[in-house]
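*Asks:* Using the hints provided, position chain B relative to the given structure of chain A.
There are 2 protein chains.
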Amino acid sequence: MQNFEFCNPTKIIFGEGTIPRIGEETKKYAKKVLLVYGKSSIKNNGIYDQVVTSLQKADIAFVEFPGVKSNPVLTHLREGIALAKSEAVGAVLAVGGGSVLDESKAICIGAKDDGDVWDFFLGKRDAQDALPLLTVLTLAATGSEMNCGGVITNEELKQKFNVNSPYIFPKTSILDPTTTCTVPADYTAYGAVDAISHIIEGYFTTSDKWLPIQDRYVEGLIHSIMESMNIIHENPSDYQGRATLMWAATLALNGLPIAGIGPCGFPNHAIEHSLSAFYDIAHGAGLAIVIPGWMTHNSQKNPAKFAQFAQRVFDVADQGSPVATAAKGIEALKAWFKKIGCPVTLSDADIPETDIEKLADNATMLATKWGLTAYTKEEIAKVLNCCK
Amino acid sequence: MQNFEFCNPTKIIFGEGTIPRIGEETKKYAKKVLLVYGKSSIKNNGIYDQVVTSLQKADIAFVEFPGVKSNPVLTHLREGIALAKSEAVGAVLAVGGGSVLDESKAICIGAKDDGDVWDFFLGKRDAQDALPLLTVLTLAATGSEMNCGGVITNEELKQKFNVNSPYIFPKTSILDPTTTCTVPADYTAYGAVDAISHIIEGYFTTSDKWLPIQDRYVEGLIHSIMESMNIIHENPSDYQGRATLMWAATLALNGLPIAGIGPCGFPNHAIEHSLSAFYDIAHGAGLAIVIPGWMTHNSQKNPAKFAQFAQRVFDVADQGSPVATAAKGIEALKAWFKKIGCPVTLSDADIPETDIEKLADNATMLATKWGLTAYTKEEIAKVLNCCK
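So the protein lines, in turn, are chains A and B. Going by the numbering used here, the first residue of the first sequence is number 3, and it counts up by one from there. Going by the numbering used here, the first residue of the second sequence is number 3, and it counts up by one from there.
This is chain A alone, in the form it adopts within the complex (with noise of 0.2 Å):
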């Protein structure tokens, strides 16, 4: 194990029927909010109204702020930052899946600050204060619902970067697993995907050879991720499935999973930021494309691990060498992100083979962003290889 910091100061609120909680919630921080929201579906399934309902007999005054897109993008963050400071918010109230809270971060950061918010995720400053924020999820995936980062696209530019901050861990975040019942069944088998990928990032990556801890608090989160997604894909209704998938989902990302494993990288992140940067693809759809071949390419290199992958995660024999035991648990996942629903290859998602050297030449900034010093422009286009 290697040095470490650890310290996530989120209150979790989990359960059905927590929702008018947040009124109570919200009232320790500010009498006047900015409600930021995605489409009009917060509205059809109720969950709008339980959150005015109970903002309202907290005596909250709130300032709506609707319209966030799956991959939010700066125009739309300007928008939000302008109008917290005209409105002088003394807080956020994020209501959605992860793209509405990653928006919502940049918001707090960006009204507490005077000059350019894209700076931030240049790394050119680094966050100095921000609106306390307040989260009410309803869907299963980022984990954004309980750690310091958000990932914002500059559409412009064509840049899917990234912020982190202590400042913008959310104060509370209320996860009540009924409010994704009504998730498709795509997205929600999306959701899975990238919760999976948030924890093998650090544990394919890292250097250090033994990780009792670690490696069993991941395999164990998989395990759970994958049964719970079986039930919810045969009953999307299922309540003890959501809420397994929805509280591993965070478990997944608040930084336990990488607590003492020493440096690591999220190379699956940077390939598929280029994917969903250029094309209309859900982060969690692109991933599932993506994590297979970069397995593939990986395992090769450095098969043990991914041998261990094999075994603990899938029950894998061992297959005479760790690289024939490896492929066999690429295989397998790679199975299962199908039977799920997902595209495992660039072709499953209309992405053109001819496509690869622009989207590695993409891919590149945020490797190079990350100090990912191994992921030149070939290297990422062997990877995109693998996943045809």
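Simulated from the structure, these hints should not be mistaken for laboratory data. Errors might be hidden in some of the hints.
Chain copies aren't distinguished; within one or between two, either way the pair holds.
In silico lysine to aspartate or glutamate, DMTMM-like type, Cα no more than 25 Å apart, as pairs [said to hold, decoys possible]: (1) K211 to E18; (2) K303 to E89; (3) K303 to D118; (4) K211 to D317; (5) K41 to E66.
*Replies:* Quick look at chain B alone, frame taken from chain A:
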């Protein structure tokens, strides 16, 4: 999964060489602190010097309050509260194991209150405030470094009771595994047993039948504790073994393993506290005696979870019935406790069988306080009779 709330704001700084950071961390909260510790061991192994040097560099004044005992006692706690008040310290810095941390937590509460501190242990009142607490941990065992509970013994009344309050989460805990390399073999083993006890209480007493996340989390931690303890048993100064045991013990009682499992009890602790209230026996040693007996008694009634434990933790093959499979697991755990040097029966600790009635009588006090209604004197005596 059941509804739950989870919030743990403690900042962990983990790893070799991190103690010199205590000054800067403390400075965030106070200019003058009460420095609480136990006996002279921290002076002999250089920890005291590292802490004092760091405080001096950060320009922090300190008042020393040594003399905390294992199983810390109310009379000494009262002295600490009086000293914290008379010296008007702004924070408490605990340097030691769980006993030092627990007494320090109670000092933090008592120093901000004008009434009798024992009221909080009796549940007569809830704390309304507390001094900030910082800790430098020197023993992997209780998990006190990342939770909001503490245990104190009222030596006059032979009551070993706990207090819980969100105000006593440590602000920062520094965990340097090298501080534990000089812990004697027996106390290292008792710490490992204590950590295991913290996770199996919830695991076995929840009534929820499907908890894939929490079950695997617990089973993974037990594996990690056993693997690291086995390494330390062979080589007491193995850094990776010490680091893994230390972090696992922290994670075992930070609230996460029980998040979502619904109502659960700590019956093994309720019973053990009576052992260490009457005899000069370490908490972990008492648990090594109580746990196998408690498991034997309870596995008859509810064998499925005990069989799962046997199969997943000890790779026990199916013995034809859950009760038989469970029995093999209990046998394996007891053998492992013995192997690492713990007493596993009352007679191993020179506790006469004739004292069972007295112990059972005492344990009912805590069982009643904790709402363990099934734990009558007769029931506790039955458990203790399985510990012979």
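*Asks:* Run every hint past the structure and note whether it holds.
*Replies:* Tested hints:
no., hint, result
1, K211 to E18, "between (40 Å within a copy, 18 Å between copies)"
2, K303 to E89, "neither (55 Å within a copy, 62 Å between copies)"
3, K303 to D118, "neither (42 Å within a copy, 64 Å between copies)"
4, K211 to D317, "both (21 Å within a copy, 23 Å between copies)"
5, K41 to E66, "within (12 Å within a copy, 60 Å between copies)"
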